[in-house]
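As given, the protein sequences belong to chains A and B, one line each in that order.
Counting from 1, one number per residue, gives the positions in the first sequence under this note's numbering.
Counting from 507, one number per residue, gives the positions in the second sequence under this note's numbering.
Simulated from the structure, these hints should not be mistaken for laboratory data.
On a predicted model such as this, the values are computed, not experimentally measured, just so you know.
It cannot be assumed that every hint is accurate.
List time: in silico DSSO-like cross-link candidates among lysine-lysine, alpha-carbon distance up to 30 Å [to be verified]:
| id | chain 1 | residue 1 | chain 2 | residue 2 |
| --- | --- | --- | --- | --- |
| 1 | A | Lys84 | B | Lys517 |
| 2 | A | Lys404 | B | Lys517 |
| 3 | B | Lys517 | A | Lys73 |
If you want the ones that stay clear, here's a sample from chain A, every Cβ over 10 Å from chain B, calculated [said to hold, decoys possible]:
| id | residue |
| --- | --- |
| 4 | Pro3 |
| 5 | Pro51 |
| 6 | Asp86 |
| 7 | Leu153 |
| 8 | Arg223 |
| 9 | Gly314 |
| 10 | Arg409 |
| 11 | Asp448 |
Ideal placement from N, C-alpha and C gives every residue a C-beta, glycine not left out.
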Amino acid sequence: MPPENPFQDPLRFERRVPPCAVVIFGANGDLTKRKLLPALYRLAYDRRLAPGFAIVGTSRTPLTDDQFREKMKEAVAAFSEDTKLDEDLWKTFAEGLHYVAGDIGDAALYQRIGEKLAHLDQSHQTGGNVLFYLSTQPSQYALAAKGIGAAGLQHGSGWRRLVVEKPFGHDLASARELSDRLHEVFDESAIFRIDHYLGKETVQNILAFRFGNGIFEPLWNRRYINHIEITAAESIGVEGRGAYYQEAGALADMIQNHLLQVMATIAMEPCASFRATSVRDERSKLLRSMKPMTADEIRQNSVAGQYGAARIGGEDIPGFRQEPGVNPASTTDTYAAVTLCVENWRWAGVPFYVRTGKRLPKRVTEIAIHFNQAPLAIFDGELADGTPNLLIVRIQPEEGISLKFLSKRPGAGMKLRPVSMDFNYGSSFGERSPSAYETLLLDALLDDATLYTRQDMVEASWAVVEPIQNVWREESIDFPNYAAGTWGPDAADAMLARRGHTWRKP
Amino acid sequence: MAVAPPEKILKELADLWVTEGKQEAGVAAHGVLRACTMTLIAITEDREDPADLGETIAALMPEHPARTIVIRLTGAGERSIAQRVFAQCWMPFGQRRQICCEQVEITCSDASLGDVPSVVLPLEVPDLPVFLWCRSPRLLAMPEFPALAAMAHRVVVDSGALADAPAALRRLADEAAGGMVLGDLAWTRLTRWRQTLAQVFEDPRHAARLTGSARVTVCDLGAVTTRALYMGTWVAGALHAAGVTTTVHVRTRAQETSVELECGGFHARLERQDDHLASTADGLSQLTLLPKPTDYLLLREELGIVHRDPVFSSTLESAARFSFVTD
């Protein structure tokens, strides 16, 4: 057993990364520049990284170490929203930046990476600890893992871990296939599947809200909750990602991963502890409790949409089919709404309405929990019997929690009106929130998989989503079926109306 | 001059919210958000620039929204005590709603200090922690101090402002032994130093070299400071727990602030270099940011700790009776 560090002070010291190196595949790509390097630099800025911390970037583009450092400096300066570039700190950080060029399918690349890691272990004292980060095209994940395995880099004198970005397959079979390929090289415990939604402060705050307080959990069930809406709306279109997006669609791009993970967080059973296995077991159980739908049920309980051209704020907005790189006859869903049911004692009969879309009126992600109405209306007036309590958990923007309830209007008589009691996360705590990538990278480096997706969760999600995809493919949907700047197709309203509900307009 | 009854002050606070709400409603429809996580009592000398303290409190409010009660000591003179009530509001960047925190200011002479608890206690926000930040070094020696400290769950002082560092530590250790839950900004100033040293031993190969006996040298500016004594004691205490016997040397230097640890051929050194902290251990060096520890940065950390800080408490207790080699 390694000797313990005698200088600990958990009350005041932040969690810090042990000596290690991070190998980034796709180091010349957008994700590395926009998210990974700014997040790693911020960890250095916050003194979270060990002396000698090293990064090895790799991609096909030939670059020297110095050229790579210069590119990464530009990226950090451009994409670190709230962290200034300190020249002295950058100099120390950049000493740990290295680059190895090569083709991801070429065995020689992995030999060179191995040599570089061995060198860094000596010069930077990384202790043989390595985190491999696959920031490449998803089609290259298995290839990269195979290369790492063939070169024996998955083993060393320290720990070895692998971080994989979504999508984890494009259906259940491909998700299993990818998993099998990764498991040939890495144990499941060493694979970190990143879903950046779970790294958001407010998604983590759902756990604090539910399990840190005693007053909400007794209400958190079918007896008191009528239905739940989960909305992830974007006001922008595909923003140059048309070619990628038309292969994925809203259902696979958002609901299969992000929103089902959010739903699992809001609906899971309390876990015995806040340890990775415990939390992930409960999330996984919830996902596996979702009722698989028949084709007929899918037709009643799901709606696909695609936006058409519109004029918004005096500007002509093209329809999805007119976006660059998109097939003019594309049948890709840019909007998806699904009614999901969870088959357990807590949630039986409570519909979960999940929707996401592009070119909706505003950018907002929130969970709306609609409680049952008071059992008896004893007050007169228009609102006395028709305004149930509503709890809103806002994930973005203006993260926070609001509770809507009825209050007496000032003055004579007993007239009621709804009021909102707000907790605004950002303004109640003015402290800067770490970005999702800072949180998740730090967790992976510290071997904390609580906020990462596990293979059984991926499979459970696909088991729900794939039948919907299949039915949609068979249907001939008349796209476009909603205008840009509106809240989606009429069919989505009709889907809720069948249960006597309506969508909130957040 | 007499202070208004607590009910009147509380009424003034309530009216403040109504006024702020109405003013804000005239400008935008998003209203005023009231947030409160604690009562912060700050005791300061009247001669101190109120703007300095005001800026520190304003900076703290976004992270630690509080009802703040500032007690300004006017010094010797007849019994006099007076108060005023106002709100501090700010609009967080990118947000639509104004956040406001309430502030009560009480001005009193030394002769009226004994009246302060009866005025302040009813003004504390129920069910939330109460912090007392004592900015006046002379108050620590005054007979009224225990009664003032008893108003709070936690008392934050700055032993760096006290003359005779060893005596100051003994005084604080006595208060802590008597049950006072203390924080000391001289200790808070060390957090980044301590964390950086701890980081060196996150590498188990380094931790494994902590055996036998060690020598710790702490260099600080000017005179022997409580900060240097804390640092030496903390390192020695941690090494003692690891079975290492330690000699601590505390040195005063004109320009250098550093900590050096030598143990069984292993050598680690931390040194301030302008706004950075340079660390070297076993030939590997690192530079991290070390901004000037302003009152805001120090209080921000201290207000995050509500209960007794076990590492600080044991270090204070040891530092008060530790023998150092000084030169």
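Right, here's what the structure says about each hint:
The straight-line distance between the Cα atoms of Lys84 (chain A) and Lys517 (chain B) is roughly 45 Å, outside the 30 Å bound, and the hint therefore fails. A threshold of 30 Å between alpha carbons decides the hint, and for Lys404 (chain A) with Lys517 (chain B) the separation of about 27 Å falls inside it, so the pair holds. Note on Lys517 (chain B) and Lys73 (chain A): the hinted pairing is violated, with a Cα-Cα distance of about 55 Å set against a maximum of 30 Å. The claim that Pro3 (chain A) is not at the interface with chain B is violated, since a C-beta of that chain comes within 10 Å of its own (minimum 4 Å).
Against chain B, the non-interface label of Pro51 (chain A) is violated: not every CB pair exceeds 10 Å, the least being about 4 Å. Annotated as non-interface, Asp86 (chain A) brings its C-beta within 10 Å of a C-beta of chain B; the closest such distance is 6 Å. Every Cβ of chain B is farther than 10 Å from the Cβ of Leu153 (chain A); the closest lies at roughly 21 Å, confirming the non-interface assignment. Non-interface call for Arg223 (chain A) relative to chain B: holds, since the shortest CB-CB distance, roughly 30 Å, exceeds 10 Å.
At roughly 24 Å from the closest C-beta of chain B, the C-beta of Gly314 (chain A) stays outside 10 Å, upholding its exclusion from the interface. For Arg409 (chain A), the condition that its CB be more than 10 Å from all CB atoms of chain B holds, with the nearest at approximately 17 Å. With a least CB separation of 15 Å from chain B, Asp448 (chain A) remains clear of the 10 Å interface cut-off, as annotated.
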